[in-house]
Amino acid sequence: MVSTPSVVSVVSAEKCIGCYSCMFACARRLGLVSTTKSAIQIRTHGGIERGGFAVIVCHGCLSEAVPSCVKACKRGALEKRIGGGAIFHENKCNGCHECVEACIIRAIVWDEERNRPIICAHCGLCAKYCPHDVLVLRKPEMELI
Amino acid sequence: MMLNRVLYIDLTKRKSETVEKPELFERYLGGDGVAIKLLTEECPKNVDPSSPENPVIFAIGPLTAIFPCCSKVVSMFKSPLTGNLGESHAGGRLGLAMKLANYGAIVIKGQANSPVYLAIHDDQVSIKDAGVLWGMRSTYSVGRILREVEPGVGRRSIIRIGPAGENQVHFANVNVDVYRHFGRLGLGAVFGSKKLKALVISGSKSFKIENPAAYQKIYDTIYTGVTKTDLMKKYHDLGTIENILPLNALRALPTKNLKQRSFEYAEELSGEHLAEDYLVRKMACPACPVGCIHIANLRVAFAAGYEYESLNVPYDYEPFYALGSMLGLSSADDVLRLIERVDRFGLDAISVGVTLAWATEALERGLIFEKETLGVTLRWGNVDGYMKAVSHLVSMPNEFYQTLACGVEAAAQKYGGEEIAMALAGNEIAGYHCGPATILGQLVGARHSHIDNAGYSIDQKSLRTKMTSNQIVSALIDEERWRCLLTTLVICLFARGTFKENIVKEALDSVGVSREVEELKELGKEIHYEKYKFKFREGFNFRQLRLPKRLFETPTPHGVLDEQKMLEALRLYVEKSSLAKLPNYNSGNPQ
Chain S
363 MVSTPSVVSV VSAEKCIGCY SCMFACARRL GLVSTTKSAI QIRTHGGIER GGFAVIVCHG
423 CLSEAVPSCV KACKRGALEK RIGGGAIFHE NKCNGCHECV EACIIRAIVW DEERNRPIIC
483 AHCGLCAKYC PHDVLVLRKP EMELI
Chain Y
457 MMLNRVLYID LTKRKSETVE KPELFERYLG GDGVAIKLLT EECPKNVDPS SPENPVIFAI
517 GPLTAIFPCC SKVVSMFKSP LTGNLGESHA GGRLGLAMKL ANYGAIVIKG QANSPVYLAI
577 HDDQVSIKDA GVLWGMRSTY SVGRILREVE PGVGRRSIIR IGPAGENQVH FANVNVDVYR
637 HFGRLGLGAV FGSKKLKALV ISGSKSFKIE NPAAYQKIYD TIYTGVTKTD LMKKYHDLGT
697 IENILPLNAL RALPTKNLKQ RSFEYAEELS GEHLAEDYLV RKMACPACPV GCIHIANLRV
757 AFAAGYEYES LNVPYDYEPF YALGSMLGLS SADDVLRLIE RVDRFGLDAI SVGVTLAWAT
817 EALERGLIFE KETLGVTLRW GNVDGYMKAV SHLVSMPNEF YQTLACGVEA AAQKYGGEEI
877 AMALAGNEIA GYHCGPATIL GQLVGARHSH IDNAGYSIDQ KSLRTKMTSN QIVSALIDEE
937 RWRCLLTTLV ICLFARGTFK ENIVKEALDS VGVSREVEEL KELGKEIHYE KYKFKFREGF
997 NFRQLRLPKR LFETPTPHGV LDEQKMLEAL RLYVEKSSLA KLPNYNSGNP Q
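Those protein sequence lines, which keep their order, are chains S and Y.
Using the numbering used here, read the first sequence as starting at 363 and increasing by one per residue.
Using the numbering used here, read the second sequence as starting at 457 and increasing by one per residue.
Looking at chain S on its own, in the form it has when it is part of the complex (with noise of 0.2 Å):
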């Protein structure tokens, strides 16, 4: 039996203390050195001083049959990943941002060089160098803590 795939999941966004190594990780892949082409995003809570970091990425809409940003793609151009997400297919893509608006929680990141999304792979290279344990990468029946 082949073992379901991997997603990347955010176990405790209180731990992260804002080094970035997770989105220069993920524009590492691409051979870059970016934060605007990472797929995980962090934020502060409205300034620093306020309290600590929110860390966005796809969640993988593990509760949904069909992923909010598949939906919304009338192209077919995201399809729907075992597991978890999304996988892109760029050929089909035209640039509507339609999936941009369908995640709710903001995780889709728009690359504006090519006028395309960044969708997350689960490749979980960005837990691999969080120095907190902010992140995971665990197959979705697992149980969270």
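In short, the hints are calculated from the structure, not lab data.
The reader is advised that the hints may include incorrect statements.
[Stated by the list, open to error] Mimicking BS3-like on lysine-lysine, the simulated pairs with C-alpha atoms at most 25 Å apart in a straight line are:
(1) Y:1032 <-> Y:989
(2) Y:827 <-> S:377
(3) S:377 <-> Y:689
Guided by the hints, dock chain Y onto chain S, whose structure is given.
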């Protein structure tokens, strides 16, 4: 991926232009190297630090945002405090934002005719009205407001001055993203003289890595070095404040203006106590997984009826020395309250603490009276007095506070007590009374800062194996030259244990900057000379250096130091470093 572009901004003409300077970056790489060349070029000789001609330079390095612990920015300017080289480094997001906006350096010249702030978003540079922000009492509010009106969430950096900078207190700092600072030597006052309240910058560019395989390999070596080994444990666990107890045990913790060398309340101010009872968050500069920024939460009652305010205060060793043991404050609550005020107003913590410590003793000795302090009781441990004095330092309601705002050197010249005015070469001393290398290091360091050459660390090593003057001098020279190289690449000095020579070379190689280790060391040496050329040009003279007598009265772990021996060591330093061969070596006015 070599840095290339310099952004020039002229506040008088309200114009900006970007100039490509490939030769400059090819030759000097970035950071310290590029900044000192730009400063020498842009700052006219003998200019008043508060005049429009004094430029402000910011520079990043070839590794910025590319490797862990490469997040800092070098600033250079002519210092209002010492009258020669002004140099201060800060963490926060500024380095990342400059990198992603593709500026290797920024040069700000001129003076606006009314308060302004700079908004730089990639290639778009605007000089905007800051009338409403001028006069605001808190550096925090300025940040909050600019966050709402400027774009770039998550990618931007907001640097700003407080009222201390506006009023040109000579040791006003520039606040970077709330919890970091260009602390030392008065960059905030230079901002104030330019009527420049703040600078917001964001970038959205991406950079292709030349050699991804080599990059990933050396990235992992560095990432592992800083996260999985003990090399940086100190900085992450307790933070720099870890130093309080060991230095106290060594009897090298300056206390009550160095009348004492250990503090009876050291436990109360210790990193251990802070971590257990106050620490609520650790944070990091972008691209650095270490997270050395320690935030304490303090609940302060401000009225009867259970009225509390909640303050988040960043803490480190130096503020706890300067605003803690140096002023005899015996509770962590008091020190945190004072740090918060100093931060809010935009002042350098070390200079404030040392200056107020002198004032406290001057009052004790009858050099000044409550007429001067405006009724403020400056007494060891009296936090309320120090809170008021900090406000007066910023608003300068009389001649005494006006003088105090020029630093402890100026205050002692006017009111006496030079033997107890704890500055070296015009810069208030850092929190180490470890021995001869500590003092010599701050005398000769290009910034007169303890981190120029880490004399305090040499003294601690020399306790184990006694070093001769000759060895100490050589160690100081070698350390400062190598640090000049590290800060040219703008690697955080906390990570110096990981960034050994071969690692530095490999990291540079992977981003297409190929240099032999020997070439890099030679460059560090050259940059050290360049800084001294600027200092000599602006009148710095080794023969003018004043040694406060107190340093030779209070014993160190190496015993009571001898002033004559210190002067001999200074002569030896000048000889061995060949600094005497530089132009204008004797042009200052020897006293």
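Consistency of the hints with the structure:
1. Of the pairs offered as hints, the one joining residue 1032 (chain Y) and residue 989 (chain Y) holds, with about 16 Å between alpha carbons and a cut-off of 25 Å not exceeded.
2. This hinted pair does not check out: residue 827 (chain Y) and residue 377 (chain S) have alpha carbons roughly 51 Å apart, beyond 25 Å.
3. Distance check on the hinted pair: residue 377 (chain S) and residue 689 (chain Y) sit about 17 Å apart at the alpha-carbon level, within 25 Å; holds.
Of the numbered hints listed earlier, the single one contradicted by the structure is hint 2.
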